[in-house]
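Engineer: Next come the chains, spelled out residue by residue.
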Amino acid sequence: MSLTRILCALTFALLLGAGGAQAQSNQASLELVEPLAEYKLYVAEHTASLVEDTKEFVGAIKDGDVEKAKSLFAPTRRNYEKIEPIAELFADLDVSMDSRADDYEKGEADPNFGGFHRIEYVLWEKNTTEGLDKYADKLLADVIELDSRVSELTFPPEIVVGGAAVLMEEVAATKISGEEDRYSRTDLWDFEANFDGSRKIFELFKPLIDDEAFIAKVESNFADVYEVLADYQTEDGGFVSYEKLTDMDRRVLSAKVNTLAEELSTLRGRLGLG
Amino acid sequence: MTKDSKKKAGAAQDYGCPYASRRDLLFGLAGAGGAFALRSGGAFAKDAPVSEPQKKTERADETSGRQVADAPSGSGNTRDRVPFYGEHQAGVITPRPATGIVASFDVVARDPEDLEQMFRKLTDRIAFLTQGGKVPQLDPKLPPADSGVLGPVIEPDNLTITVGLGNSLFENRPWLKPHKPKQLVRMPEFPNDALDADRSHGDLSLQFSANLLDTNIHALRDIVKNLPEFLVMRWMQEGDVPVIPPKPDGKTESARNFLGFHDGSANPDSNDAELMEEVIWVDEKDDEPEWAYGGTYQAVRIIRNFVERWDRTPLREQERIIGRKKNNGAPLDGGDRESEVPDYAADPDGKLTPLDAHIRLANPRTEKTRENLMLRRPFNYSNGVTKSGQLDQGLLFIAYQADLDKGFVTVQRRLDGEPLEEYIKPVGGGFFYVLPGVPEPGDYLGRSLIEAASKTSDDKPT
Numbered sequence: 001m002s003l004t005r006i007l008c009a010l011t012f013a014l015l016l017g018a019g020g021a022q023a024q025s026n027q028a029s030l031e032l033v034e035p036l037a038e039y040k041l042y043v044a045e046h047t048a049s050l051v052e053d054t055k056e057f058v059g060a061i062k063d064g065d066v067e068k069a070k071s072l073f074a075p076t077r078r079n080y081e082k083i084e085p086i087a088e089l090f091a092d093l094d095v096s097m098d099s100r101a102d103d104y105e106k107g108e109a110d111p112n113f114g115g116f117h118r119i120e121y122v123l124w125e126k127n128t129t130e131g132l133d134k135y136a137d138k139l140l141a142d143v144i145e146l147d148s149r150v151s152e153l154t155f156p157p158e159i160v161v162g163g164a165a166v167l168m169e170e171v172a173a174t175k176i177s178g179e180e181d182r183y184s185r186t187d188l189w190d191f192e193a194n195f196d197g198s199r200k201i202f203e204l205f206k207p208l209i210d211d212e213a214f215i216a217k218v219e220s221n222f223a224d225v226y227e228v229l230a231d232y233q234t235e236d237g238g239f240v241s242y243e244k245l246t247d248m249d250r251r252v253l254s255a256k257v258n259t260l261a262e263e264l265s266t267l268r269g270r271l272g273l274g
Numbered sequence: 275m276t277k278d279s280k281k282k283a284g285a286a287q288d289y290g291c292p293y294a295s296r297r298d299l300l301f302g303l304a305g306a307g308g309a310f311a312l313r314s315g316g317a318f319a320k321d322a323p324v325s326e327p328q329k330k331t332e333r334a335d336e337t338s339g340r341q342v343a344d345a346p347s348g349s350g351n352t353r354d355r356v357p358f359y360g361e362h363q364a365g366v367i368t369p370r371p372a373t374g375i376v377a378s379f380d381v382v383a384r385d386p387e388d389l390e391q392m393f394r395k396l397t398d399r400i401a402f403l404t405q406g407g408k409v410p411q412l413d414p415k416l417p418p419a420d421s422g423v424l425g426p427v428i429e430p431d432n433l434t435i436t437v438g439l440g441n442s443l444f445e446n447r448p449w450l451k452p453h454k455p456k457q458l459v460r461m462p463e464f465p466n467d468a469l470d471a472d473r474s475h476g477d478l479s480l481q482f483s484a485n486l487l488d489t490n491i492h493a494l495r496d497i498v499k500n501l502p503e504f505l506v507m508r509w510m511q512e513g514d515v516p517v518i519p520p521k522p523d524g525k526t527e528s529a530r531n532f533l534g535f536h537d538g539s540a541n542p543d544s545n546d547a548e549l550m551e552e553v554i555w556v557d558e559k560d561d562e563p564e565w566a567y568g569g570t571y572q573a574v575r576i577i578r579n580f581v582e583r584w585d586r587t588p589l590r591e592q593e594r595i596i597g598r599k600k601n602n603g604a605p606l607d608g609g610d611r612e613s614e615v616p617d618y619a620a621d622p623d624g625k626l627t628p629l630d631a632h633i634r635l636a637n638p639r640t641e642k643t644r645e646n647l648m649l650r651r652p653f654n655y656s657n658g659v660t661k662s663g664q665l666d667q668g669l670l671f672i673a674y675q676a677d678l679d680k681g682f683v684t685v686q687r688r689l690d691g692e693p694l695e696e697y698i699k700p701v702g703g704g705f706f707y708v709l710p711g712v713p714e715p716g717d718y719l720g721r722s723l724i725e726a727a728s729k730t731s732d733d734k735p736t
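Chains as they are written, first to last, in the working numbering: chain A, 1 to 274; chain B, 275 to 736.
Next up, chain B with everything else stripped away, as it sits in the complex:
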């Protein structure tokens, strides 16, 4: 079987390897120094051994203080490259570029061997697509190896592809079920939800993000073309965020959502490696299977915004519903900067910031609610027009956390019934477990899970 899939059109043996040689890579690893790189933010800087000199990238910005939900500066270019190999997958604490897609698939894999083959193939494609390189040229009588959307040379364009696994992948396979991450469940329907089955759940999620939408589209098409026997697409949602050049003082602001408010202001500091270990990455501290260490929970929500109605709502009311000033994102209890922290203790009755304001419910900023932190990395979407002639727009909400119950689920329970619900309607999404990263070439996404599953699978000597 492995032989079959390699055979494809006689091409592509070196299609998947972006590196000039394995030596280049090892050299690069040694240079970067593993332990330091890990603390400085996971996959970042851990392996910069690319065949072309690395230009200034978003990830370089990361060291200069860029946050995940900051508006993209617009200075990105197609040569920007986010390293693929690392302790964690890229695309989680990586500053968000201008465009993103979440695509959900059902997986056709009957046994651990099938699943391993799927993971290996997926790893090859992601390693190539995110690092870039030349597209192999085939006999013109054959279909081309690549869609050609990005031309004969694929530029990485800041692309990251982040792989997550859904509840159903485990539940429908007895040999995989015992290894399910403890908190992974089918996303429940929260009280304000109206989930559309055609836009919800799935066995596997891929989050694409890149400077340009076409780069995401190209990568998605590549994966669909190369893994037809394993992946059946369920749904996808595109989104983007506005590009805003940094202010004269070098500071950047969080991007705005389609309600016109800054979104992501209270995100935990993605440059604080220790905080990320605590809030985002699953490890020994968490009650999770060992294979899952280095991963994280992903909550995806497609949240429609009733924008016509919102735009007809008085500004003062909008601000009280959200809990921030619309112009500058500052909290309602004073100041004029988004980064200022509201003092709810001094406002116990909600005279300044209503007790049911969105940001106050979501993050009450008490010592106790610190455990409910999560990292949001959303995109805005626009899907055309509804049957009623209204704009179908909203937020492709994506959040990461090491503890799904304490993170998204608890926060959403606090938000249930909030005044904002009149203007929003979650219609899709799903919960997924983001696999640990791929430390080095030759390794593959999901190896730790496959090894765990193979041990308990009857028919599988490894």
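So that you can see chain A by itself, here it is in the shape it has in the complex:
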């Protein structure tokens, strides 16, 4: 898909969609078009990789290759975690692909508990691929559906810009505790992908913000979280088990994530988005 085509579609969507948006001048809205278009490309790039990686992951499951499936779990998810800031634009797929056992009253015993974490649960807790075929098929179908939707999806600027903060809220509320990837302990992979995804949005819209102190503070907090994560990175670009994270580092991450959530929560307002 060409950048021009996306740009045109977006401009159109913006002009139509932003009709009710307060006293925003079209000029200001137009300023948002370029970063939004770039963001859409970023998302499309990752959904495309997600499809490819998921095919391989699902292939390993169907081959009954537990070890290979385990090794592909975190790298495959990473693509998804990077675009999670806008997950609310495809909430149905998000539930299907990325819900956790806690989202079901019966927990793991609930057959409706599917997606990445069902597969994670069986791979690590049961150490098998048995019974996973239908969940793997569904995951791949969801991923393909997501990828095909993205090109037609309207990206409302307030959702994209707001997504940077929302994701930090989620990390602070339900990830820093290590509950996301509780069976595989690959949480740090997700953290990095989440920070990447959130920072991408910040970087794209940064040129539109003229508050240097704010920019410096956000950048320094991002730098701090990457610095902490670097200590846990493995040679192949992955991460050690979440259990290796020291209490002290968990606290630092938690403080930085909350500070980022607090700071980035002003991003929409700073860009004049309601």
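A few of these clues could be false.
In silico lysine to aspartate or glutamate, DMTMM-like type, Cα no more than 25 Å apart, as pairs [unchecked claim]:
id, chain 1, residue 1, chain 2, residue 2
1, B, Lys-499, A, Asp-247
2, A, Lys-200, A, Asp-210
3, B, Lys-499, A, Glu-170
4, B, Lys-415, A, Glu-203
5, B, Lys-625, B, Glu-614
6, B, Lys-499, A, Glu-158
Output of the computed footprint for chain A on chain B, the stretches with three or more beta carbons under 8 Å from beta carbons of chain A [claimed, not checked]:
id, region
7, 404–418
8, 671–684
Some chain B residues well away from chain A (every beta-carbon gap over 12 Å; in silico) [said to hold, decoys possible]:
id, residue
9, Lys-456
10, Phe-464
11, Val-615
12, Val-659
If you are wondering where the hints come from, they were derived from the structure by calculation, not from laboratory data. Ideal Cβ positions, reconstructed from N, Cα and C, are used throughout, including at glycine.
Fit chain B to the supplied structure of chain A, relying on the hints for placement.
Structural biologist: Then chain B, alone, in the frame of chain A:
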């Protein structure tokens, strides 16, 4: 860095200052007279220079004899204001209002500069929240500056916020460790304890107390919102105490705990300034670092009460376990008033008050055990239901003393093995050192500690 944090959403420059002007404040200080105010009970009355006329407050009651653990009278209102500035922090010898929270945090601060910034910010928030004022109105496109829980104008509502520091804050920082108060340790696990790691210890404690629970909640949320880069919450416990109007003769009684007994009857007189200096406030008499003068040790214990079992225990047995009459709080050796003092010397074999009764072990009332006095300021808590379907209720025990070993630790050692243990289980809490007060605006909580730490820190010219 300082610049960054001030920048926040372009607002709030005057958010932290409750005073119309510095002049108002200085005027007020001169009027009150420092030395007298100190003797009359610390922060109290030392600075009443508030921008609105001060109404009758709990602290005003303090002069008329209210004690820390007296049941709140219910006459408090949202305009009640406890002065923030003073030699000591408020919330220690301040009569306890109806509700309280203890919250414990881990601190993210790598050097004395970080810690100073945290203390300054905390000071600003506490000064504002406890004195009240208008919430700044921001561009509605931005998140609001305040949760709005108390509306657009914050009423002080008798709020005090008391800051304490835990052992781990010092232990984990080589530049701070040499300055640790001598008796500050990680709270040990006493024999009857079953400490839950998720409800124990921490780098910093905040004790909130106010007339209304919402006022505490509002203040806690404000601090969490304004200090995310420094404070990571570990645990919190809410509590309250029953409001009881004074009796016709003007006397008030100690509030009851969830065992149904008066609690705090034998507290030292919080209106006796000399006694408070001796029992509560750390100063030259104590073997403590100079920066700590004006502070005090805080022992927090979350003590679950097995209330179903207690309620199925014969009254006579309950009274012998506690050592008081349940109806009126009087000692078992006679009288019908809570304030009467038991004569243990006349009852050496424990025929009237068993030797292992709670109050007798806790305070044997001998000349020797006078050094074990402490000031208790507890709240009752109710946390819902346990997995077994029993009520999860108990006491948020908070005690203050200048000497932690002679105070809480010694008393608890005497209580170890007491018959009451069958009905109670301490599950959390921690030991903290309450910082000295902030004498005047421009100053900040923890300054004396920061200055001491900066002197020994390599990278820090002050």
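Engineer: Does each hint hold? Answer for all of them.
Structural biologist: Going down the list of hints, with the structure as the test:
| no. | hint | verdict |
| --- | --- | --- |
| 1 | B/Lys-499 - A/Asp-247 | holds (22 Å) |
| 2 | A/Lys-200 - A/Asp-210 | holds (18 Å) |
| 3 | B/Lys-499 - A/Glu-170 | holds (16 Å) |
| 4 | B/Lys-415 - A/Glu-203 | holds (21 Å) |
| 5 | B/Lys-625 - B/Glu-614 | holds (18 Å) |
| 6 | B/Lys-499 - A/Glu-158 | holds (22 Å) |
| 7 | 404–418 | holds (count 4) |
| 8 | 671–684 | violated (count 0) |
| 9 | Lys-456 | holds (25 Å) |
| 10 | Phe-464 | holds (24 Å) |
| 11 | Val-615 | holds (48 Å) |
| 12 | Val-659 | holds (18 Å) |
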